[in-house]
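So the chains spell out like this:
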Amino acid sequence: MSYDKTLGEALRRQGVSRRGFMKFCATTASLMALPPSMVPAIAAALEQARRPSVIWLSFQECTGCTESLTRSHSPTVEGLILGQISLDYHHTLQAAADSAAEHAREEAMKENYGKYLLIVDGSIPVGNPGYSTIAGISNKDMLLETAKGAAAIVSVGTCAAYGGIPKANPNPTGAVAVSDLIKDKPIINVPGCPPIPVVITGVLAHYLTFGTIPELDDAGRPKVFYGETIHDRCYRRPFYDKGLFAESFDDEGARKGWCLFKLGCKAPVTYNACATTKWNAGTSFPIQSGHGCIGCSEPNFWDLGGFYKALSVPNDPVTLVAGAAAAAGVAAGAAMAMRNRKAKADAKSKHQTVTIDDLEK
Amino acid sequence: MSYDKTLGEALRRQGVSRRGFMKFCATTASLMALPPSMVPAIAAALEQARRPSVIWLSFQECTGCTESLTRSHSPTVEGLILGQISLDYHHTLQAAADSAAEHAREEAMKENYGKYLLIVDGSIPVGNPGYSTIAGISNKDMLLETAKGAAAIVSVGTCAAYGGIPKANPNPTGAVAVSDLIKDKPIINVPGCPPIPVVITGVLAHYLTFGTIPELDDAGRPKVFYGETIHDRCYRRPFYDKGLFAESFDDEGARKGWCLFKLGCKAPVTYNACATTKWNAGTSFPIQSGHGCIGCSEPNFWDLGGFYKALSVPNDPVTLVAGAAAAAGVAAGAAMAMRNRKAKADAKSKHQTVTIDDLEK
Amino acid sequence: MIGRPIDIPIRAENGDEPVSHGNALPLLHEVRHALERLLAAGEETVIDLRSIPMGPGDEARLEAELGTGEVSARLETAIGPSVALETRFPGVWLITHYNSEEQILSRFIEVTEVPAILRSQPEDVREGLDSLSEQLLQQTNE
Amino acid sequence: MIGRPIDIPIRAENGDEPVSHGNALPLLHEVRHALERLLAAGEETVIDLRSIPMGPGDEARLEAELGTGEVSARLETAIGPSVALETRFPGVWLITHYNSEEQILSRFIEVTEVPAILRSQPEDVREGLDSLSEQLLQQTNE
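Chains as they are written, first to last, in this note's numbering: chain A, 1 to 361; chain B, 1 to 361; chain C, 1 to 142; chain D, 1 to 142.
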């Protein structure tokens with residue numbers, strides 16, 4: 001796809017009707033977790049969008065992040081977005097190797113200096129640079145050099161965003177995150193081990209659509225995907241509210257799909273979109289398959305004290321929390337809870353006996 | 001269906017949605033041969049329409065007209081219309097006989113005096129009244145008595161409208177048409193042997209919808225159904241215009257679907273809706289099956305000189321008529337011809353050599 | 001196409017191609033003008049196909065020329081189904097109303113952004129809302 | 001329904017009825033309010049089902065509650081088909097977009113008289129008109 005054609009023109013030439021484009025925009029809005037009311041604005045922006053230059057650097061990583069992204073690359077809406085932002089340089093995916101590949105990177109940098117988007121996956125070993133080099137260049141040097149001309153950087157995966165598993169105790173390579181080395185560029189963290197494919201695509205779609213980076217939280221994550229805990233958007237939340245928990249992986253509660261909190265689920269402290277976006281084209285996510293969330297999109301999730309250890313045990317949640325829900329006069333349900341923040345806040349302020357505020361964000 | 005409910009209410013109670021009602025109205029407009037632009041007016045009228053009282057009298061007839069109507073009586077739009085106007089009296093269809101049936105007729109007349117619609121099929125024998133009586137009453141006496149309190153009369157079929165086959169030479173029963181005996185009531189003639197079912201229903205729908213009788217031509221026929229000759233609306237008309245005729249029922253012209261004029265087709269002098277409405281749910285009509293029109297909706301059609309004798313032979317129609325069509329600057333075609341009266345008239349006025357004006361209505 | 005009546009076609013001697021009687025082409029010109037009016041002024045046009053003289057070849061020709069487009073919709077009503085097909089010319093729709101025995105009642109070409117019969121009607125929306133409210137009330141009381 | 005992903009359902013011990021997690025009911029209330037806005041002010045509402053927490057039982061429950069209504073429409077585009085079903089509440093439509101491998105891309109409840117995606121779009125109408133004009137010109141020249 002050439003640089004000088006808009007996305008609207010490119011799609012039209014591929015025989016995509018206006019209806020097809022509307023479908024593309026509706027799905028893109030959904031991808032970006034933006035409300036459907038923004039579809040007209042998204043359509044207007046996407047129609048005029050031009051292909052940005054993108055360089056992808058893979059450092060100390062397991063290729064899981066690249067797999068996650070490219071596995072969603074069927075002839076779909078994601079495919080169209082990826083086609084539009086197609087990469088100028090991706091070491092792992094590139095046919096050319098070493099000096100030829102490096103030449104491509106240098107060309108892309110030169111031609112689009114100050115304008116290209118830099119995507120990074122993997123952490124950067126600073127203890128001993130020899131742990132990871134590309135064409136003889138250390139990861140740190142390549143990152144610093146490539147970051148100079150970037151408009152913004154996307155740290156894809158928990159390794160690039162926070163150091164990830166390489167940084168887990170005792171961190172033999174001296175792994176650090178992108179944000180530990182780069183201080184003068186906007187950095188978007190897209191954590192997850194791996195991140196949800198549509199979340200990666202959603203962030204790229206945002207950049208393609210609006211030419212800007214989305215609003216970020218304190219941990220550098222796009223609020224639109226990481227604004228709520230998995231617990232707050234979990235379909236099993238009503239069982240938590242009623243105090244119904246699985247106590248082991250094969251008891252009655254497990255079979256009935258009750259809350260996995262006591263089995264170590266980290267959903268209450270994990271910010272990610274798994275509970276709504278889900279995985280594999282919306283099929284399922286870990287909690288739906290009966291396993292607690294391990295918190296893979298949180299900094300240092302590997303060292304947080306064990307995947308099967310409960311965070312804390314709520315104080316008699318049956319009477320306290322169910323009472324609060326009843327006082328709000330609404331049917332209990334995660335959807336309702338999410339969509340009735342104010343009612344819930346009112347209820348909480350009237351019921352000071354609710355003592356699990358740390359879980360009730 | 002009771003008198004006090006409107007059609008709109010009645011349909012709604014039968015689970016017919018507004019969309020179903022719209023479909024009903026669109027089909028009714030089509031039935032009445034009214035343009036789709038009139039659908040909103042038809043919908044407004046039909047919604048408020050109330051069931052009229054209808055008395056049906058069958059005199060000297062073959063039951064073909066009643067068959068024609070009732071054969072279209074499936075659970076359809078026609079069925080809904082017939083349900084709504086359901087008859088207070090129909091001798092042939094009624095389970096009760098003789099004095100019980102007569103009692104029903106007298107009751108209906110008394111209760112709705114001056115307001116009921118009288119439908120008649122069959123001719124009336126006045127030479128010898130004994131040829132046809134009902135419960136000992138002569139056809140003429142029953143017609144005169146029942147007509148007195150009628151708002152309007154519909155003569156269904158060529159017998160009631162013009163005397164039909166019973167009146168054909170030598171007319172042994174002294175058969176006459178309804179209009180020969182009744183002079184002080186509006187009479188709608190719906191001729192045909194039998195009439196097209198949807199034309200009967202269309203006339204009844206008009207009365208039900210608007211509470212009035214449709215506009216009639218000089219022969220008392222609703223212009224909307226009988227306003228054009230079959231020839232003018234025949235899909236084979238372009239062959240006529242090009243001078244391409246079947247000369248026998250098994251020649252090349254017959255196989256190729258050319259014009260049947262030379263085989264005695266009476267379409268040029270027959271006013272009816274067969275060519276567009278067709279028969280059997282729009283399946284076909286005589287000319288489409290390869291046989292000429294016999295003119296069954298025209299007065300005295302039986303005595304017009306033979307079904308297989310050509311009306312007249314056009315004078316070299318190839319050069320003359322095709323020349324006229326070409327001068328009009330349009331693609332030849334019956335649809336176009338029908339929809340471009342003015343262009344055709346202009347063309348005719350410029351080409352005085354066209355000598356078959358009797359066929360070019 | 002569902003429940004189409006059986007044609008008794010008059011065929012040319014080669015037996016393959018139905019004879020066209022030239023009645024489809026003028027109709028396509030009419031459709032072209034209607035499309036222009038739709039684009040220029042949003043004006044909708046409905047053509048009742050029952051009012052048009054059509055030989056067996058003509059209808060086949062018309063359907064072939066119109067082709068099929070992106071949308072096919074089926075409507076189920078208490079008086080039988082209807083089918084609305086967008087043709088390969090967006091904005092040109094072929095609507096066929098059937099009775100409950102799937103016989104054709106009427107057929108229209110509609111030149112419009114969406115056939116009126118596909119739109120949810122306020123009367124039905126009101127009734128549906130009442131039934132939804134009733135249903136939710138019962139569930140709240142359970 | 002075409003190409004639905006395989007659920008890994010968590011079922012109650014009787015094994016027949018999927019457990020509902022109570023997330024369908026609040027959504028139905030939201031639909032009710034949207035219908036009221038549609039009737040009162042013609043205001044349309046679109047709910048992105050990807051943004052709603054849904055257990056396997058919830059989605060089945062929601063679909064069962066919404067049921068099927070009078071209209072079902074299928075849209076074919078170069079980026080895969082879409083299906084728009086009117087639910088048994090007129091004005092409430094369930095729209096599912098599929099990719100060309102019939103996997104679900106996105107799913108919406110639209111409360112509207114007709115989903116926007118079914119309307120013929122002016123850009124496409126213009127293109128279709130050009131192609132019809134071209135076709136008629138060729139036939140006139142033949």
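Don't read these hints as lab results, they were simulated from the structure.
As the structure is a computational prediction, the values presented were derived from the model and not from experiment.
One should not assume that every hint holds.
[Claimed, not checked] Here are the computed distance ranges between Cβ atoms for each label pair:
1. C:PRO122 - D:SER133: 29 to 39 Å
2. A:HIS103 - C:ARG37: 56 to 66 Å
3. C:GLU101 - B:PRO129: 42 to 52 Å
4. D:ARG37 - B:SER37: 49 to 59 Å
5. B:MET38 - C:ASN141: 44 to 54 Å
6. C:ARG74 - A:ASN300: 49 to 59 Å
7. C:ALA40 - D:ARG88: 36 to 46 Å
8. D:ARG126 - A:LYS256: 54 to 64 Å
[What the hints assert, rightly or not] Partial selection, computed: residues in chain C whose CB lies under 10 Å from chain D:
9. LEU38
10. THR68
11. VAL125
Idealized CB from N, CA, C, for every residue including glycine.
Hint check:
At roughly 37 Å, the beta-carbon separation of PRO122 (chain C) and SER133 (chain D) lies within the given 29 to 39 Å, and the hint holds. Distance hint check: the CB atoms of HIS103 (chain A) and ARG37 (chain C) are about 59 Å apart, consistent with the given range 56 to 66 Å. Taking the beta carbon of each, GLU101 (chain C) and PRO129 (chain B) are about 43 Å apart, inside 42 to 52 Å as hinted. In this structure the supplied range 49 to 59 Å is violated for ARG37 (chain D) paired with SER37 (chain B), their Cβ-Cβ distance being about 32 Å.
For the hinted restraint 44 to 54 Å between MET38 (chain B) and ASN141 (chain C), the CB-CB distance of approximately 48 Å keeps it satisfied. Between ARG74 (chain C) and ASN300 (chain A) the CB atoms are about 56 Å apart, so this pair conforms to the stated range of 49 to 59 Å. Remark: the range hint 36 to 46 Å for ALA40 (chain C) to ARG88 (chain D) is upheld by a beta-carbon distance near 39 Å. Here the CB-CB span from ARG126 (chain D) to LYS256 (chain A) is close to 57 Å, well matched to the stated 54 to 64 Å.
The criterion of a C-beta within 10 Å of any C-beta in chain D is met by LEU38 (chain C), whose closest approach is roughly 7 Å, and the hint holds. Taken as an interface hint, THR68 (chain C) checks out: its beta carbon lies about 9 Å from the nearest beta carbon of chain D, inside 10 Å. Residue-level restraint check for VAL125 (chain C) holds (minimum Cβ-Cβ distance to chain D is 4 Å; threshold 10 Å).
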